[in-house]
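Q: Use these hints to put chain B onto chain A, whose structure you have.
So the chains spell out like this:
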Amino acid sequence: MLVLVEQSLNGLQFGLLLFLLAAGLTLVFGIMDFVNLAHGSLYMMGAYFAATFVAWTNSFVLGILMALGATLLLGIALEFIALRHLYGRDHLDQVLATFGLILFFNDAVRLIWGPAGLSLPLPAWLTVPVQIVPGVFYPAYRLSIIVVALAVAALLYVVVMRTRIGMLIRAGASNREMIGALGINIKLLFTLVFGLGAALAGLAGLMQAPILTVQIGMGENILILAFVIIVIGGIGSIRGAFMAAIFVGMIDTLGRAFLPDLLRTVLSSAAASTAAPALSSMLIYLLMAIVLVVRPEGLFPAAKR
Amino acid sequence: MKKAFWLAGATVLALAQPASAGDSIKIGFVSTFSGPTAVIGNDMRNSFELALDHLGRKMGGKPVEVLYEDDGQKPDVGKQKTEKLIQSDKVDFIVGYIWSNVLLASLKTAVDSKTFLITSNAGPSQLAGELCSPYVFSTSWQNDQTPQAVGTYMNQKGVKSVFLIGPNYAAGKDMLAGVKSTFKGQVVGEEYTVWPSQLDFSAELTKAKNSKAESIFVFYPGAAGVQFLNQYAQAGLKGQIPLYTAFTIDELSLPLQKDNAIGVPGAQQWVNDLPFPENKKFVEDYRKKYTGLRPTFYGAQSYDAANLINSAVVAVKGDTSKKDEMKAEMEKANFKSVRGPFKYGNNHIPIQNFYLQDVVKDADGQLSLKTVATIVKDDQDRFHDKCPMKK
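Top line first, the protein sequences correspond to chains A and B. Following this note's numbering, the numbering of the first sequence begins with 1 at its first residue and continues without gaps. Following this note's numbering, the numbering of the second sequence begins with 1 at its first residue and continues without gaps.
Looking at chain A on its own, in the form it has when it is part of the complex (with noise of 0.2 Å):
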C-alpha cells in the first residue's frame, strides 16, 4: 500500500512537469493556431541558464530566478524575430521552421556550452528525503517540483479565468478574427502568450535537470508526450492539459512500477521484464489512440471556434 503511494507521487510529479510543458504547447497551438516544434528547445534553453546561472551566482533560488527571466526574455524575442512571419502560412511550414529551430537551437548550445553537457547540483536542503506519511519518505526535491507545479497551476487557473488578459486569451482561442476586429491588440497578445509559453517550458526544463543532465536534445523525447497529452487534453484547454498530463504520468508511472509483476504471473519472468517496459511505454499512446477514436476533440475540448 505504501509502495503505491509512493508511486502514486512519482506519477503525479512526472505528469505535473509535463503539465508545465504542454501548457505553453496548448495556448500557443490553441490561440494562435501554430504548431510549435521548437517548444522542446526553450525547455532545453531553461536547463541550460539555469545550471550556468546558478554556478555564477552560486545560489540555486536566485539562478533559477534568473533562468526564468531570461527564458521569457527568450521566447519573447523569438516570437518577434521568427515566428510572427509564420502565422498566416499553413502548419506544415511551420512544422519546417520550428524544426529548424531545433536544429538551430542545438548547435547554439554546442557552440556555447560545448558538447558534453551540463549538471545543476542542488543545494543540500533539496537533497534529504522527507517522511510524508509514517514509512514513507519522499526525495524533497520531487516533493518541491509537485508544489511548485501545483502553484504554478493553480496561478494559470486564476490568470487565465480570472482576469482581463486571461479573459482575451479565452477569447483567442475560441474566436481569433473577432478580438481582433473588436480591437484588441492581438500581436501583442500573442507576443505575451508565446513568452509566457516559453517562461513554462523554461521552468519544466530547469525543474527537471538536477533529476537529469542538462544536455543537448534534452527535450526533444518529452516534446512528444507533450502533444500527446494536449491531444488527449483537448487543443487549447488548460484544464485538458492539466488533466490529461496527470493521466498520463500515473499511467507512464505506474504502468513501470506494477506492470513487471503483473505479467510475470502469465508469462516467464525473462519474457515479462523485456516486454513490460515495451508495454509500458505504450500505454501513453493506447490511450491517445483511444481517445481519438471515442472524442476527437480531447477530453476537455476548449470551447467551439
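Hints are computed from structural coordinates only; laboratory data are not their basis. Ideal Cβ positions, reconstructed from N, Cα and C, are used throughout, including at glycine. One should not assume that every hint holds.
Claimed, not checked - One side only, chain B facing chain A, incomplete, derived with CB under 7 Å: (1) E49; (2) Q186; (3) S197.
As the list claims (entries may be wrong) - Restraint ranges, calculated between C-beta atoms of paired labels, are given here: (4) A:L2 <-> B:E284: 35 to 41 Å; (5) B:D76 <-> A:V159: 41 to 47 Å; (6) B:I262 <-> A:R164: 53 to 59 Å; (7) A:D261 <-> B:H54: 51 to 57 Å; (8) B:I262 <-> A:F104: 35 to 41 Å; (9) B:Q240 <-> A:A154: 33 to 39 Å; (10) B:H54 <-> A:L96: 44 to 50 Å; (11) A:A108 <-> B:R57: 30 to 36 Å; (12) B:D23 <-> A:H91: 52 to 58 Å; (13) A:S144 <-> B:L55: 50 to 56 Å; (14) B:I262 <-> A:S59: 20 to 26 Å; (15) B:K327 <-> A:A278: 46 to 52 Å; (16) B:Q366 <-> A:G69: 29 to 35 Å; (17) A:D261 <-> B:G158: 49 to 55 Å.
A: Using the frame of chain A, we list chain B on its own:
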C-alpha cells in the same frame, strides 16, 4: 566553356580517387558523434587519432585514411553507415561500435563482405557465441564479463541480496545476466527500462527501496549513468543501500556525477592508472593533445584497435589482400595493449584481467578513477564454447 572545364576536372578527380586507394590503408570508424552520447564517440575518435599520431600516421609503410561515420545511436543508421563504408568506400577495416544493438545490426554486412571488423566497445553475447566470425575481433570484452567481475566482488564483500536495474536492449540484458551468473546471493528483483528514452528512474528506485534488497546493481552507460546516480542520491539511498555498477562511472560522466560517484565501486578491464609504459604514454599524451579532457575505457579500447590493425598490416607489409595472414597475426594479439598483455580466445574476444575501480580525488583535486584490486585474472567469456571456431 568554363563549366565544361570544371566538369572535366571533377571527372578526372573522381577517376583518380579509386586508383590511389590501393596506396593507403582505409579504415572506416562507426560510432556515435551526435546526440547526448556524442561525447563517447568523440573520445573514441580522439584516442584513435592519437594512436595514429603515435604510429606516424602510417601502417606497414602506407598512409592511413580514416572515415568517421555517425550512427546516431540507432541500429538502422549504423547498418546503413556500415554498408556505405564497405560497399562504396571499400574500407580495409571497420572499427568502433559503442552499442551492442548497433553492432548486431551491422555485423552481417561486414562478415558477408569478409571485411575485418574490430569492435572497440560493444560485446554482445551472440558475437562471442554462435555469431562469432573469423573476420571479427574485439579489443574490449564480452558484455557479461565486466558485470560477472562485479558479481564476484559482491560475493567477496559478503553481499546477500541484490536488486538489478538496466536498460532494455542487447547489452542491458547481457549485463544483468552477467551479474546473475556469478553472484551467489539472492536476486530480489530485476527491472528493465526503456532505452535510450527513459531518463527518470523514480519508479524503479522506489521498487528497489521497497524490495528490502541489501544492494543495487546498475548498468547505465553515458549520460543515463549521471541521471541514475543523481536520482539515487536524491532518493536518499546513498548510505542506505550500497550501489554496484558496470560501465556507469567513467571519465566522461565523472565531472557531472561529482561527489555522487564517490564510494560507488565498478569493474573494468582498463583503468587510467594501470602501470604499463604504453598506458602511461597513452594517458599523458591524450591529456596533452586534448586539453581539459581525460581518456576513458572507450578510448583505450579504440587506441588498442588501431594498434591491433597496425600489427596485422605490418605483418603483411601493407598488402591488405592477404586476409588469412592478417587474421593469423591478429589472433596472436601481437601488440602492446594499454591494458597490459592479453590473449585472444577462439572467438576473438580477449582473455583478460578485470580490476576493481574506485573514485578518488587525485593530486589536482579532481575526481578520478583508481585501480584498487584485481578481481579476476585471465577471465574468458562464458559463451566461447558456443562459437564454432576452434583454436
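Q: Does each hint fit the structure? Answer for all of them.
A: Each hint tested on the structure:
For B:E49, the suggested interface contact is broken, since its CB lies about 17 Å from the closest CB of chain A, more than 7 Å. For B:Q186, the interface hint is violated, since its Cβ never comes within 7 Å of a Cβ in chain A; the closest pair sits about 14 Å apart. Annotation: B:S197 was flagged as interfacial toward chain A, and the flag holds, the nearest CB pair being 5 Å apart, inside 7 Å. Against the hinted window of 35 to 41 Å, the Cβ-Cβ separation of A:L2 and B:E284 comes to about 53 Å, which falls outside the hint.
For the hinted restraint 41 to 47 Å between B:D76 and A:V159, the CB-CB distance of approximately 46 Å keeps it satisfied. The hinted window of 53 to 59 Å between B:I262 and A:R164 holds, with their beta carbons roughly 55 Å apart. Distance hint check: the CB atoms of A:D261 and B:H54 are about 53 Å apart, consistent with the given range 51 to 57 Å. At about 39 Å, the beta-carbon gap between B:I262 and A:F104 stays in the expected band of 35 to 41 Å.
Checked against the hint of 33 to 39 Å, the C-beta distance between B:Q240 and A:A154 comes to roughly 35 Å, which is consistent with it. Look at B:H54 against A:L96: about 47 Å separates their beta carbons, and that is inside 44 to 50 Å. The hinted window of 30 to 36 Å between A:A108 and B:R57 holds, with their beta carbons roughly 34 Å apart. As the Cβ distance of B:D23 to A:H91 is approximately 54 Å, the hint placing it in 52 to 58 Å holds.
In this structure the supplied range 50 to 56 Å holds for A:S144 paired with B:L55, their Cβ-Cβ distance being about 54 Å. Hint check: B:I262 to A:S59, Cβ distance near 25 Å, so the stated range 20 to 26 Å holds. Distance hint check: the CB atoms of B:K327 and A:A278 are about 39 Å apart, inconsistent with the given range 46 to 52 Å. For the hinted restraint 29 to 35 Å between B:Q366 and A:G69, the CB-CB distance of approximately 33 Å keeps it satisfied.
Under the hint 49 to 55 Å, the C-beta atoms of A:D261 and B:G158, about 29 Å apart, miss the expected range.
Taken one by one, the earlier hints fail for this structure at numbers 1, 2, 4, 15, 17, listed in ascending order.
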